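Colleague: Spelled out from the first residue to the last, the chains are:
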Amino acid sequence: MPVAVLVLLFLVLIVLPFLPGIIELRRPKDDRPLSIPQDNSRHPRHFALTFRGRVAPRVDGAQGPFPVITTIDSPDSEPLEIHEGLDVTDRARGIVASLGDARIAVDAVVDRAYARGDAEVERGARINELAVEGALTLAPGVKVERWVDAGGDLVAGTGSNLGVSASSACGLRVASGCNFERLWGLPITTSGDGSSATVTPPPDPSIDRAVVWARKWLSIPAGTVLDKDLVVYGELHIGTGSTILGSVKAHGNVLIGRGVHVTGNVISRRDITIAGGTEINGNIFSEGNLVVGAETRIGAKGDFKTAYSSKRTTLGGDVTIFGWLIAEGGGSVG
Amino acid sequence: MAGGVVVVVAASIWVVLVVAVMVVYAVRHWRVTLVRLFGSQRAYYQDLLDSEVPPVSVLIPMHNEERVIAQVLDAILASDYPRSKLEIIPVDDHSEDATLNILESYHQRHPLIKPLVRRNSARGKPAALNDAVLAASHDIVLVFDADYVPPRDTIRQLAMAFSDPEVGAVMGRVVPSNTAGSTLARLLDLERTGGYQVDQQARYDLDLIPQYGGTVGGFRRSAALSWGGFDPAVLAEDTDMTMRLYVRGWRVAYANGVECYEEVPQTWDARFKQLRRWARGHTQTFIKELRPVVRSPYLSTQEKCAAVLLLGIYLVPPLLLSGMAANLWLFLNGAAPVGPSLLLSFAVVLYGAFGNFAPFFQIGAAGVLDGMTHRLRLMPLLFMLFTYNTFAVSAGVFDAAVDTIRNRTPSWDKTARFKD
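Residue numbers (this note's numbering), protein chains in the order written: chain C, 1 to 334; chain P, 1 to 420.
The hints are simulated quantities; they were obtained by calculation from the structure and are not laboratory data. Mixed in with the good hints, there may be bad ones.
Claimed, not checked - Chain C side only, calculated, beta carbon under 8 Å to chain P, not exhaustive:
hint	residue
1	F10
2	F18
3	L25
4	K29
5	D31
6	G177
7	E181
8	D227
9	D229
10	F304
11	S310
12	D318
To be verified - A few chain C positions that, by computed beta-carbon distances, are all more than 10 Å from chain P:
hint	residue
13	L9
14	P20
15	S41
16	P44
17	Q63
18	A108
19	P140
20	G171
21	L226
22	N265
23	S332
Stated by the list, open to error - Below, computed lysine-lysine pairings styled on DSSO-like, alpha-carbon distance capped at 27 Å:
hint	chain 1	residue 1	chain 2	residue 2
24	P	K304	P	K288
25	C	K228	P	K114
26	P	K114	C	K216
27	C	K301	P	K85
Since this is a predicted model, take the numbers as computed values, not measurements. Glycine included, each C-beta is placed from N, C-alpha and C at the ideal position.
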């Protein structure tokens, strides 16, 4: 008898780990394929365009007397308050929209807003989400929690915090002291003296040969013209005034001297530092930090590119970027 | 008597070697899983938006695919990639059904679809790809199997990896679509999750040879042509390409976020054939590429070790079986593999606790990262799949050994489809 009990106990213990799986097989609760979005298409203004798509049709069809209270097409049927013109002096809760221009006063707080015309956000105001069809001006010290987007030009004043994303269908001008994560503009330009992004150019090598190659690093002398792609297992230094007619990739840091022109992409497994006065026609992809010195130009009119860094990005003054700037670890100007 | 001692010593050494190999692979499992769970994840190139995307040739090898052909072509035509930068080359490889008629119908409506018909040359994916690569107009070549349905932004995301001049190939993630099809499909769903979400991503993070998988991926045409294209005698053309690229200084980028559904075998018989073919091809590549890998000046010591472990992974099941057989023989003959000791007992318990559970830990971690819920309860049943795999893989390795000894060229055996 004790032997039978032991055998039974043994069998129970053997089967026990499999029991939850057997139950799941007989009565499946989680047997659908993992979800894969089929219609995604990456767009730097994704948040704003989705928001517009929900709010704009309601605003277009709004008829007085104002304010009109309605709802937008969303799973929660969120309430929407439509005004002829919007002037927020204290706090606007929920979603508010304006048929014309909008003004968000000093230290006012806005959850989600949309304006058909231009918008002006005054000093110290806090915004969660804001989309405008016209121009958008953010005064110094404005704080964006999530995103702002403008159909026209977007100007961000000194010391603004631009949240997760600031985008414009036209130009995006960012003053010194601004912090950001993702910027989109055609182009993005910086102002200010860019003092904290001052970059010391790498010393130009004094070796006569055109290209010096070593297993761990590559240093290209000043004034070199190279018409091929480069892959370097260590650090890459590109000397002042050189021209690279191709793309470069380094496993170590990349240091680009003043006045360099790279026609392709610049990619590094670590940091990329651009001294300034440089022109890069391709994308920049840094798995470390990215420092862009003053008067650097990335992309060109009608040819947008991306500057990406896995860590921090620091921009100097008078930098121009046509396209997208992504700083996964946050970014700042000057 | 002396002969018996020699056999005992040889068997003991063999057991110790097998245990050592098992420990190495267990450590590898733990390392990649811990890195995936707690390490910093390497960025892929999906965020690079560029107004000037490179022109791309999409190749779709197919053999008797009338049931699935429309969905893959429609999906690629619906892509957000500029049509002016795209050509689609479906390769009709000796089909006997309506595949060709359907392709011609698509070609009439969409001139960017340029079917390639193969009837006289040898059948098989490597040979079909060779013809398609020659017919392709562009340097960036992406490959999808005929039963795949790539989401709208897949082509752009894969193509952007080639912004990096060091990238010779790119690989996306495959996700089983027919998970409700059978118990086997559900177990393979777990296995795939561990393989991609943890293993491939961690290898990408650690520079440990992420693999080009032959579909939902692509490569540089110029690189493939530089060594004369795919070897039609090798059944694992994807592993072969991975190693050839690395040996020559190229790298493979892994895009965990570029996901695409695939159909996994629903019957044990189909699974056995698929895994046997993979093991056979992989072992062929092991034999062919081991020496070039070890000698490559472009690979670090760590990368060479990773490449050898990757190439040798299908040798583990037959090694395990041989080790178990040797151990059993030693036991029955009253000879322990090494002298009994507390240390040995501790090692056995340690391996039982950590080594045996390393693959389960990897799959469980992947499932958690993927947000799986009740399906994780199936994990103990993977024991059944792993046991079955051992025999299928061993058969494939045996095939490869015979291929090598007899200089035999294997024939391509397509995996059965289960779509209604």
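Colleague: Of the numbered hints stated previously, which ones are contradicted by the structure, given in increasing order?
Modeller: 1, 6, 7, 8, 12, 14, 15, 16, 22, 25, 26
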